[in-house]
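> Chains as they are written, first to last, in our numbering: chain A, 1 to 509; chain B, 1 to 139; chain C, 1 to 115.
Treat the hints with care, since some could be wrong.
[Stated by the list, open to error] In silico lysine-lysine, DSS-like type, Cα no more than 25 Å apart, as pairs:
1) C:K111 with C:K27
2) C:K111 with A:K161
3) A:K432 with A:K357
4) A:K357 with A:K424
5) C:K27 with A:K357
6) A:K161 with C:K27
[Stated by the list, open to error] Away from chain C, derived, C-beta distances all over 12 Å, residues of chain A:
7) R24
8) S106
9) V138
10) A159
11) S170
12) Y181
13) K195
14) T206
15) T353
16) A368
17) L374
18) P385
19) V473
20) L477
Everything labelled a hint here was simulated from the structure, so no lab data went into it. Fair warning: this is a prediction, and the values are worked out from it, not measured in the lab. For glycine and all other residues, C-beta sits at the position ideal for the given N, C-alpha and C.
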Amino acid sequence: MRVLLVLPILIPLSTAAVSLVFWRRRSVQRWMGMAGTSGLLAASVWLFEAVRREGIQATQVGNWSAPFGITFVADLFSAIMVVLTGLMGLAVAVYSLGSVDRRRESFGYYPLLQILLMGVCGAFLTGDLFNLYVWFEVMLISSFVLLALGGERGQLEGAIKYVTLNLLSSAVFLAAVGLLYGLAGTLNMADLAIKLRAVEQTGLVTTLAMMFLITFGVKAAVFPLFFWLPASYHTPPFAVSAIFAGLLTKVGVYALIRVFTLLFVVDVGYTHTLILVIAGLTMITGVLGAVAQNEFRRVLSFQVISSVGFMVMGLALFTPLALAGSVFYMLQDIVVKTNLFLVSGVAHRLCGTSELKEQGGLYATYPAFALLFLIPALSLAGIPPLSGFFAKLALVQAGLAAQSYMIVFVALAVSLLTLLSMTKIWNEAFWKPQPPESLPAATQTAMRAAAVSKRKGLGTLIVPIAILAALTVCISLAAGPVFALATVAAEQLLDPAGYIRAVEGGMTQ
Amino acid sequence: MGSLILSTTARFLMPLLLLFSIFLLLRGHNKPGGGFVGGLVAATAFSLYAVAYDTNAARRVMRVDPHTMIGTGLLVAIASGALSLIAGQPFMTGQWGSFHIRGFGELYLGTPLVFDIGVYLVVLGVALLDVFSLAEEKS
Amino acid sequence: MNVVLAVVIGGLYATGLYMMMRRSIVKLIIGLALLSHAANLLIFTAGGLTRARPPLIPEGANVPPAPFADPLPQALILTAIVISFGVLAFALVLIHRAYGTVGTDDLDEMKATDT
């Protein structure tokens, strides 16, 4: 079982290493990308099964016992996240085959994608705060390069903002880790969970909690700290922004949930109220930005922020139902967000632009593709039979139970506005006829000729979208069992004893 | 570029630096040293050569593409850690063995050395990749 | 010693943040480098300062004699230094490329991605 915990890290790393050895052989790299992500998915499902059946798993890297060595822990929450990482990795790897240009491929696109996935899995599985910092950096460095790869002007400008704000948050993270070590004398999360509850100066603990809130808040893109996201997510290739939107902010939310359930529960009245306010403001600003934008990916970028608000809301309410809602929301939102960004890539290819005003006519020409957009879009807005509805329902119920009527009102209003912004995309890109006057005739014929040639590789783009849409439908149909799973994950999060026992059990092994 | 003194010195210094880097790598087994610093010293050797001649010449002397070197190093490091998985212990548990070599005595070796060799290759590859790409962008 | 280091760390943070708020991207990178130095020194100080007591185990004993310098913060700092070395190397290449593409080092001119 110990092997299982390191496989989600080892498989992408080995894949990246082999791809680097075959640096000049693009076809090898493409196949390795597919093989690596498939392997990652298989390993993650295996890990998930083990965790589901046998409870929380832990291993001590290098056989150094727990508070001293690095621990890898998988509870149900992290196992679910790792499975989704594998799924999104595979979907995006397939999508990349048909959409990433040759130049980017020859500059190491596929190995970088693997390293990114490794960083994400590592962050989900580690049980040590400093190790979490290292995984964040692995993730950030690979995402920096993926973002800037290609060197277009918008990309470089977006990358500078992304790099600056994320490095700033890393510096805060590092400082917080150092101070925490000075306070508690350990960085193992299970060990910290015990020691922080015994610390007498709760003021210091709360101060540290605020530092972690800021650093993970930047990564998760919560209210006052999200500005790097809409400045950069619409610039790289579509496959890259899809994997960013699907996974990276969720790692931030995951880290927030982890530290604010396991470590910083000393002064819940203060910290979690603050988080609740942040959650509400994040939802509102995110959705207002989405309504104001007129470019496909910019709308979606702001929607990413708005969804983060919902996930954080569950953490802030801090009841079993609310946390289950958060876990369920994350689970389905990863699928939906990745899918929407992939759809925006296909729309860009079919219309030759991402500006909503210049797009159009997609429903008339590709009705099936329009349906593939509608499934994730309506799920995002929370329309009843789809998965987003159940996630929001759980959060709203939890809000009502906790008598936080304000946040419930905000969440409902934001859902309506989300629907509005999705309808805007639907109206502009799919429903209205393609605006003919916007382009000179010569360009149009050239584009039509290009569109025919572009239709060739469309299969590799549509297949992952269709699979993710089917997955959304599956989650919606099986909402009961999936939600039960999320409830178990939430119960594990709220009862740190099991987590601590698993890590300490690793100590005696 | 083209300084006679520098290019002659570089030719003499390079083997010395490379030997020293391997010395550091092996010394790291029990004492200060190791793959990281060894790799940096080896990278200095090739960078010096690149400054004295040019990056193409340095690439020729290296024979191996930096990317390939990084990949190989990573694979070596992974293999050293994965060995303990086969033995049924947690990832990266050190595996040690004692070898007897005639006329030399006992040699006590373990996977940390293999890991260090991997680190050496990765650091060498990454540092050279940085230096080469920055140097080639200017010209 | 603690006070001196505290002042140094504070100074580094202040200068780093000041540099980051300048408009030039080169100063931005310098600011980021200073920030990571400040964070490293902070770990070093917060981990506890013990002068001239290396954590060496004498012959025949199992643990080093009681007051000894904690080696862990130094290991953390070493890791953080290596990471920040990699990140800064990348950031340097990035601003160089950005300067070449955009044609200016003024951050206020780089607003093509904002609306």
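> Looking back at the hints listed earlier, which ones does the structure fail to meet?
5, 9, 10, 11, 12
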